[in-house]
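Listed here are the chains, written in short residue letters.
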Amino acid sequence: MSWFSRPASETQITNGQRLWLYAVAWLVMIFLLAPTVIVIPMSFSDSQYLEFPPRVWSLRWYEHYFGSPAWMQATATSLKAGVLTMLVATPIGVMAAYGLFVSKMRAASLIFLILVMPIMVPVILVAIGVFYIYVQINLVNSLLGLVLAHSILAIPLVVVVVSSALKSYDMNQEMAARSLGASRFKAFMVITLPQIRFSVITSALLSFLTSFDEVIVAMFVSGGENSTLTRNMFNALRDQIDPTIASISTIMIIVSTSLLVLAQAFGRSDSES
Amino acid sequence: MERLSLSGVAFLMYFFGNDQTLVFAGQSCATPFSMGRSCFSDRYERFVLNEMTPAASSTGSPANSQAKTPAGGALPITIRDATKAYGRIFALDNVDLDVRSGEFLTLLGPSGSGKTTLLMVLAGFTRPDYGSIKFGEREIVRTPPHKRDLGMVFQNYALFPHMTVAANVAFPLKLRGVSKPEMDQRVEQALETVQLGGYGERRIDQLSGGQRQRVALARAIVFEPRILLMDEPLSALDKKLREQMQIELRRLHDKLGMTTVYVTHDQREALTMSDRIAVINHGRVMQLGTPNEIYERPANRFVADFIGESTFLPVSVQDGVASFGGQALKVAQLPRGDHELLLMLRPERLHLVTNGEEVRDSAVNAFQAQVREMVYQGDSFLMYTELEDGTEVTVRGMTRRDMVSCLPAIGDAVQLALHSDDTVLVSAEGA
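Chains as they are written, first to last, in numbering that gives the first Met the number 0: chain A, 0 to 272; chain B, 0 to 430.
In case anyone wonders, no lab produced these hints; they're calculated from the structure. It is possible that part of the hints are untrue.
[Unchecked claim] Here are the simulated lysine-lysine pairs, BS3-like style, with alpha carbons at most 25 Å apart:
| id | chain 1 | residue 1 | chain 2 | residue 2 |
| --- | --- | --- | --- | --- |
| 1 | A | K185 | B | K146 |
| 2 | A | K185 | B | K173 |
| 3 | A | K185 | B | K179 |
Full structure from sequences and hints, please.
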């Protein structure tokens, strides 16, 4: 029996009859992936300008990136901001999700709404608002300001991810632990946290990515020696078309996708355990 | 983009799963508290007084005499005026209750009656609006749960799935700083007590429901608490296992001798296991007594209705004689007070009169009835009859070989006999 006449699933429909669906699915995949993937070959070009496909292959734009103090400083800023955002957003988000979960307040769902508001509104609104406040309190262009602004965007993700993990968690376990002699804090640390740890790790990774990938807020509130990588890329792209951007993009794609794959893997093992 | 879609899904999940939070406030019992709040207080005080007199304490637990009691002995629990209101609904309404040292006491009631609230108040997870709770001489109403030093078994076991069986059982010992060798020994001993010796290294998800129940029990008794609380611990098990565990739990209680407070809505379970039962409804103790007292002499209609099956007939009292439909009744005892009274008819206490002899017995009340339906159940039969006034009355009887052939048919007129000892009048209140 050829592949074409074999059933496609638990039905009588054959792979041959399903061809059109496979084609559509692949087209969607290509449409989604192409814009991301196209910069990868471009980054290995020897040309002065962004070109596709490259005529001569070279690593010179990678050398240029790693050799440039300006790019390196921006990278350091982005990494610092990412890690600090993760460290700020994760504990706050976990605490908020836990508090909302155990709360018997009627207002709990309202508070949840307020907490996730920053990812419901256009980021540019958040950016403008944050900028005007920062001007008043002198936080523009500081790393602290950047981290706080990124945390605004990251906390909702942590709350949402951890809340959904807590949904399937049996709070009686914590009560049991407390009846057996554990204080409430101890019960959370020893009983609850280990069981939602994968969601916490996932949301920590997502917090890092939120900051690391973010450009709009960074455009407004980061600058000078605290410019982020994405902000500098955006500026470079506006000023001159330089394939360094392509090489940085390639590196960022690799970092982001690996973190996302990690996050996915952790997210899955939480629901299994 | 990927991030956004991921969070979007989780966001939706959060909201669809959120219904419980929203309706939580209306969860307790649905009856407005204004319904006769104090109608049992006088009757109930009588019970408390009765229970505190030495004469009434002959029904105490056999456990007290057992050799292996918890360190320091079991503790009595004294509850005074415990009150907890959720909005206008009283989950606990001035509850006074004395649990004797070493006793197996069951809180029995329908869902929303306040029995679980009372247990949570004992455990420390719910703080009463006012009232006093004493373990022995110690007032604990403001003590947090982890300092109350009591064992608790939850309805769904609440085992820690990320730990082995041994680690679950060792948990309370670890918190108490017990040394490793002693811990191992006590864990194994506790597992053996619940017949799970050698199961220590298993994971929780490798255990059956009954085994999980035993682990939860081992975890609750391993640190030899002087008080053990159980919240419907058997309700998730199938009938056969449940009945087996009832006997086992009771044996374990007798062996360990700690004061046990057990919550259930299953009247048979309560009758099987308890030294005494406190029947709870609307946040009040309706009756406190031994299983026998509760079943044979229910204090009011609610207790009579909740425990066992009953039909109630309106009774009028004149000059100290109770009568139903003009027929004077020979009764065990006439309740005091001027409440409206009902005659409680238990299906298994009514006899089908076959030869007329029983009726001539001076201690028997006879009722004329017509058979509406006949159900043959092998070991027993159920006969649905209708009295002359139209009340439907059920009769249950054991089938014996000689009577199978002569059971009445639908439409037959029959005579039902009720011994005067079984002719129990209850107050109509508390329905």
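Hint check:
1. A:K185 to B:K146: holds (13 Å)
2. A:K185 to B:K173: Roughly 12 Å between the alpha carbons, so the hint for K185 (chain A) and K173 (chain B) holds.
3. A:K185 to B:K179: Answer holds: K185 (chain A) to K179 (chain B) is near 20 Å, not above 25 Å.
Going down the numbered hints, you'll see the structure goes against none, and every one checks out.
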